[in-house]
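Trainee: We have chain Y; now place chain D onto it with these hints.
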Amino acid sequence: MADRPIRILIAKPGLDGHDRGAKIIARALRDGGFEVIYTGLHQTPEMIAEAAVQEDVDAVGLSILSGAHMTLFPAIIDLMESKGLTGVKVFGGGIIPEEDAESLKSKGVSEIFTPGASTQDIVDWAREHISGN
Amino acid sequence: MTAPARKAPPPERRFTTISDMEIEAVYGPADIADSEYDEDIGNPGEYPFTRGAYPTMYRGKLWTMRQFAGFGTPEDTNKRFHYLLGQGQTGLSTAFDMPTLMGYDADHERSLGEVGREGVSVSSLADMEILFDGIRLDQVTTSMTVNCSASILLAMYFALAEKQGVSLEKVGGTIQNDMLKEFTAQKEWISPPRPSVRVIVDMIEYCAEHAPRWHPVSISGYHIREAGSTAVQELAFTLGDGICYVQAAIERGLDVDSFAPRLSFFFNVHNDFLEEIAKFRAARRMWAKIMRERFGAKNPRSWLLRTHAQTAGCSLTAQQPLNNVARVAIQALAAVLGGTNSLHTNSMDETLALPSEPAVLAALRTQQIIAEETGVINTADPLGGSYAIEALTDRLEREAFEYIDKIDELGGMIAAIDEGFPQREIAEASYHFQQQLDSGEKIMVGVNDYVTEEEISLELLRIPQDVERRQVERVRAHKAARTASAVEEGLRAVRDAAAVDRNLMPPMIDAVKAGCTVGEISDIFRDVFGVYRDPALV
Numbered sequence: 001m002a003d004r005p006i007r008i009l010i011a012k013p014g015l016d017g018h019d020r021g022a023k024i025i026a027r028a029l030r031d032g033g034f035e036v037i038y039t040g041l042h043q044t045p046e047m048i049a050e051a052a053v054q055e056d057v058d059a060v061g062l063s064i065l066s067g068a069h070m071t072l073f074p075a076i077i078d079l080m081e082s083k084g085l086t087g088v089k090v091f092g093g094g095i096i097p098e099e100d101a102e103s104l105k106s107k108g109v110s111e112i113f114t115p116g117a118s119t120q121d122i123v124d125w126a127r128e129h130i131s132g133n
Numbered sequence: 001m002t003a004p005a006r007k008a009p010p011p012e013r014r015f016t017t018i019s020d021m022e023i024e025a026v027y028g029p030a031d032i033a034d035s036e037y038d039e040d041i042g043n044p045g046e047y048p049f050t051r052g053a054y055p056t057m058y059r060g061k062l063w064t065m066r067q068f069a070g071f072g073t074p075e076d077t078n079k080r081f082h083y084l085l086g087q088g089q090t091g092l093s094t095a096f097d098m099p100t101l102m103g104y105d106a107d108h109e110r111s112l113g114e115v116g117r118e119g120v121s122v123s124s125l126a127d128m129e130i131l132f133d134g135i136r137l138d139q140v141t142t143s144m145t146v147n148c149s150a151s152i153l154l155a156m157y158f159a160l161a162e163k164q165g166v167s168l169e170k171v172g173g174t175i176q177n178d179m180l181k182e183f184t185a186q187k188e189w190i191s192p193p194r195p196s197v198r199v200i201v202d203m204i205e206y207c208a209e210h211a212p213r214w215h216p217v218s219i220s221g222y223h224i225r226e227a228g229s230t231a232v233q234e235l236a237f238t239l240g241d242g243i244c245y246v247q248a249a250i251e252r253g254l255d256v257d258s259f260a261p262r263l264s265f266f267f268n269v270h271n272d273f274l275e276e277i278a279k280f281r282a283a284r285r286m287w288a289k290i291m292r293e294r295f296g297a298k299n300p301r302s303w304l305l306r307t308h309a310q311t312a313g314c315s316l317t318a319q320q321p322l323n324n325v326a327r328v329a330i331q332a333l334a335a336v337l338g339g340t341n342s343l344h345t346n347s348m349d350e351t352l353a354l355p356s357e358p359a360v361l362a363a364l365r366t367q368q369i370i371a372e373e374t375g376v377i378n379t380a381d382p383l384g385g386s387y388a389i390e391a392l393t394d395r396l397e398r399e400a401f402e403y404i405d406k407i408d409e410l411g412g413m414i415a416a417i418d419e420g421f422p423q424r425e426i427a428e429a430s431y432h433f434q435q436q437l438d439s440g441e442k443i444m445v446g447v448n449d450y451v452t453e454e455e456i457s458l459e460l461l462r463i464p465q466d467v468e469r470r471q472v473e474r475v476r477a478h479k480a481a482r483t484a485s486a487v488e489e490g491l492r493a494v495r496d497a498a499a500v501d502r503n504l505m506p507p508m509i510d511a512v513k514a515g516c517t518v519g520e521i522s523d524i525f526r527d528v529f530g531v532y533r534d535p536a537l538v
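So the protein lines, in turn, are chains Y and D. So for the first sequence, the working numbering puts the first residue at 1; every next one is plus one. So for the second sequence, the working numbering puts the first residue at 1; every next one is plus one.
In isolation and in its complexed conformation, chain Y is listed as follows (with noise of 0.2 Å):
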């Protein structure tokens, strides 16, 4: 088990189309040495903690720019629990103003980004902090 790349599922849950953010995301985790699995886009909290079971992934991140983040990150966690992937870390990113983040932490969500954040410290944490199963 140790051998095989770490799994990330980048998700874009919610009904807005933003997805620069995301797919600049997938792909840098991708250069850096994950493998990477991107969703798409209208993506909900159903399908993504499915696709987190079939994929057999380690860390989810979760793209989100309609405000709709407090609805939708907690529901995606609750999912994936009552699924049994309670090792898979859940790290997000998107208009996400920071009391709101502080928040979604206490509520299991281990990392968020917000604008300005730079590729490289994406791959820095995942690396740090994402391990396989």
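In case anyone wonders, no lab produced these hints; they're calculated from the structure. Each residue gets a CB set at the ideal place from its N, CA and C atoms; glycine is no exception. All the pointers check out, no bait thrown in.
A few chain Y residues that don't get close to chain D, going by computed Cβ distances all over 12 Å:
| hint | residue |
| --- | --- |
| 1 | Arg7 |
| 2 | Thr86 |
| 3 | Lys105 |
Chain D is faced by these chain Y residues, among others (derived, beta-carbon under 7 Å):
| hint | residue |
| --- | --- |
| 4 | Leu15 |
| 5 | Ala26 |
| 6 | Thr71 |
Residues from chain D that keep clear of chain Y, each with C-beta distances beyond 10 Å, as calculated:
| hint | residue |
| --- | --- |
| 7 | Ser35 |
| 8 | Thr90 |
| 9 | Gly253 |
| 10 | Arg292 |
| 11 | Val376 |
| 12 | Lys479 |
| 13 | Arg482 |
| 14 | Asp527 |
Mentor: Positioned in the frame of chain Y, the structure of chain D alone reads:
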């Protein structure tokens, strides 16, 4: 005449535009030697309109100051509309929330958490009536930013005009309704490209006949640029989308001059001042050539590219947000020097939230300062004839036409989208720019240089949590109060027209009057036309 000296730049420093186009140290007569004034540049208001759409430009008519607004309930946005009109804004521009934009009612499970967040929630004609309460539709022009559900929202707007006793001939405005750029950039869709274009042609046809002051499509580069394209790609893919719509309408049997004068455009205006001014000038010249030479349009108004512009949201920074006021002012000035016909200036707080009232006011005042204080409106195209501007205009045009040739080779824009060509080109450019930022080759002030420790102290607009609950209750009450048989009949007529290629607008106007909702009509599209899925290209 001798050419100005060009010294090779030191190897470590490249001088490029934000689109990574290399720029000469000095431009001179040799750079525009191939350009004939009458043929390639022309006076303002004359073919090929490089110097502007109208002979006296802003002396004759200032650009329309049109701030995009929408959040919360229809009541919330109606209040913002009245505020903006009271502050001297000259046109309305509506932002809808994600469920409305994607064809879901507020009470749909996919709308959970999204109602009223990114714009105003509109599920039925009853919501539309509240949104425009106290506003006569023959007294304002309205822009509605909506695409895959645009036909439904336009049907509501026209039904509302009828309710107010305003003839459709007097209703003026624009609906974005540009689905092709959705597949490449903004990514709001219901059905695949071909049926989506069919609905757009229905709207072009209906408006040409019944609503002659309405612009049924706003062919948009804005979102293409926001998705990370270069300036050349923005030009090429936008005009490429325009070519596809014109071709489709001609294939429907419409005379090009019957609809082309009502096509309008919407471009981004980014930080690179000279490149942006050149882009607007190139866009007008390219469209004039396309319409006259490629499509044989005879009416000069069909050759004319009229455009709205919006300052680049993606250029703004969450860090040191007051700096955004400076960025927006510079971008707005570029749009004006490029000859835009309408303008939205972004608010300083838009990387953090929807704009607050004071932030919107500063953005509107920026336009008013350009119009009233800077003097740039006194003369048309003041930068025309500048070696650098003319050379850049030529170059952007040349490179954009190379892309359009490539799209033609692929079989047109729909085939190009099916193949993922524009999507990949944009994603490449976007990743390239991010790498330049990460390496420090490009600087964003306050983000990767000139960084300061700070506490953001702006007062942000907050959407109350109960907005969603109130809208959901309202939609449920609306659905319960309708006459079931009229709703069924309305939906059946829309379904029939969709299935047999009959123009959808008349039955849709009837259906929304009977109380049919955005979600119910969108479900018919899903059923009859199918559902498009993101190809998820990385």
